[in-house]
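Numbering-wise (my numbering), the sequence shown opens with residue 4 and increments by one.
Please keep in mind that the hints were generated in silico from the structure rather than gathered at the bench.
If you're wondering where the values come from, they're calculated on a predicted model, not measured in any experiment.
Some clues are possibly wrong.
[As the list claims (entries may be wrong)] DSSO-like cross-link-like pairs, simulated, lysine-lysine; straight-line CA separation at most 30 Å:
1) Lys179 <-> Lys5
2) Lys168 <-> Lys149
3) Lys189 <-> Lys5
4) Lys194 <-> Lys174
5) Lys194 <-> Lys71
6) Lys5 <-> Lys148
7) Lys174 <-> Lys189
8) Lys179 <-> Lys189
9) Lys189 <-> Lys149
10) Lys179 <-> Lys168
11) Lys189 <-> Lys148
12) Lys174 <-> Lys5
13) Lys5 <-> Lys168
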Amino acid sequence: MKRENIRNFSIIAHIDHGKSTIADRILELTNAVEKRDMKSQLLDSMELERERGITIKLNAVSLNYNYKGEDYLLNLIDTPGHVDFTYEVSRSLAACEGAILVVDATQGIEAQTFANLYLAMDNDLTIIPIINKIDLPNAEVDRVKKEIIDTLGFNEDDIILCSAKEGIGIKELVEKVIEVVPSPRKNETDKLQALIFDSQKGWYN
């Protein structure tokens, strides 16, 4: 795969704005998972994550997608939305060139929306704002769109309208990632450095 056809991106949001469900729909669109094997919050692999319905640890998946006759490799990193796991978000964003910023159409911009946006900006990422849950009866799409424009400084054309539940806007979102997120930066001088650690509590602990 050519470096120019690789996209590294995260999904960031305030808790319960639909971030993990957006990830599920992207997995479906790219045929990363057979429909019979699909389940909600697929990237949330820890038992506690599934039990509480939140993302605690970052999870990454590589997806193949053909766009305008060219094959692309999309590296998606799903991140926590809860304030207690901000460090996991910062680790994710450091490995990306782009971020999808999810805002709930019924809730609007909330505290972690700002916090995660600032983390993405600190990492100089290309940010794609989306309004999720537009299918809900109490969705206030126009109000939330105005919030994003006035408060976060995006243009109306930047915003994608989505319903993760219904699959609305997901194809447009994936293709927007390909179009606007830059390929990985190339550094000819620095040597690779890495610190790898992971820890999970087992039943025997």
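Would you check the hint for Lys174 and Lys189, treating anything up to 30 Å between C-alpha atoms as holding?
At roughly 28 Å apart (the allowed maximum being 30 Å), Lys189 and Lys174 satisfy the hint.
Check the hint pairing Lys168 with Lys149 against an upper bound of 30 Å on the C-alpha distance.
holds, 23 Å
Distance restraint between Lys194 and Lys174, which requires alpha-carbon spacing of 30 Å or less
With Cα atoms ~37 Å apart, Lys194 and Lys174 exceed 30 Å; violated.
Restraint status (C-alpha distance of Lys189 to Lys5 at most 30 Å)
At roughly 12 Å apart (the allowed maximum being 30 Å), Lys5 and Lys189 satisfy the hint.
Tell me if the straight-line CA distance from Lys5 to Lys148 falls inside 30 Å.
Outside the cut-off at roughly 36 Å; violated.
Quick one, are Lys194 and Lys71 close enough, alpha carbons at most 30 Å?
Violated - the C-alpha atoms of Lys71 and Lys194 are around 35 Å apart, more than 30 Å.
Tell me if the straight-line CA distance from Lys179 to Lys5 falls inside 30 Å.
Roughly 19 Å separates the two Cα atoms, so the pair holds.
Given the hinted pair Lys179 and Lys168, is their Cα-Cα distance within 30 Å?
Holds. Lys179 to Lys168 sits at ~20 Å (cutoff 30 Å).
Satisfaction of hint between Lys5 and Lys174, Cα-Cα up to 30 Å
holds, 22 Å
When you check the alpha-carbon spacing of Lys179 and Lys189, does it fall within 30 Å?
Answer holds: Lys179 to Lys189 is near 22 Å, not above 30 Å.
Regarding the pair Lys5 and Lys168, is the alpha-carbon distance no greater than 30 Å?
violated, 33 Å
If you draw a straight line from the CA of Lys189 to the CA of Lys149, is it 30 Å or shorter?
violated, 37 Å
The structure is inconsistent with the numbered hints 4, 5, 6, 9, 11, 13, although it conforms to all the rest.
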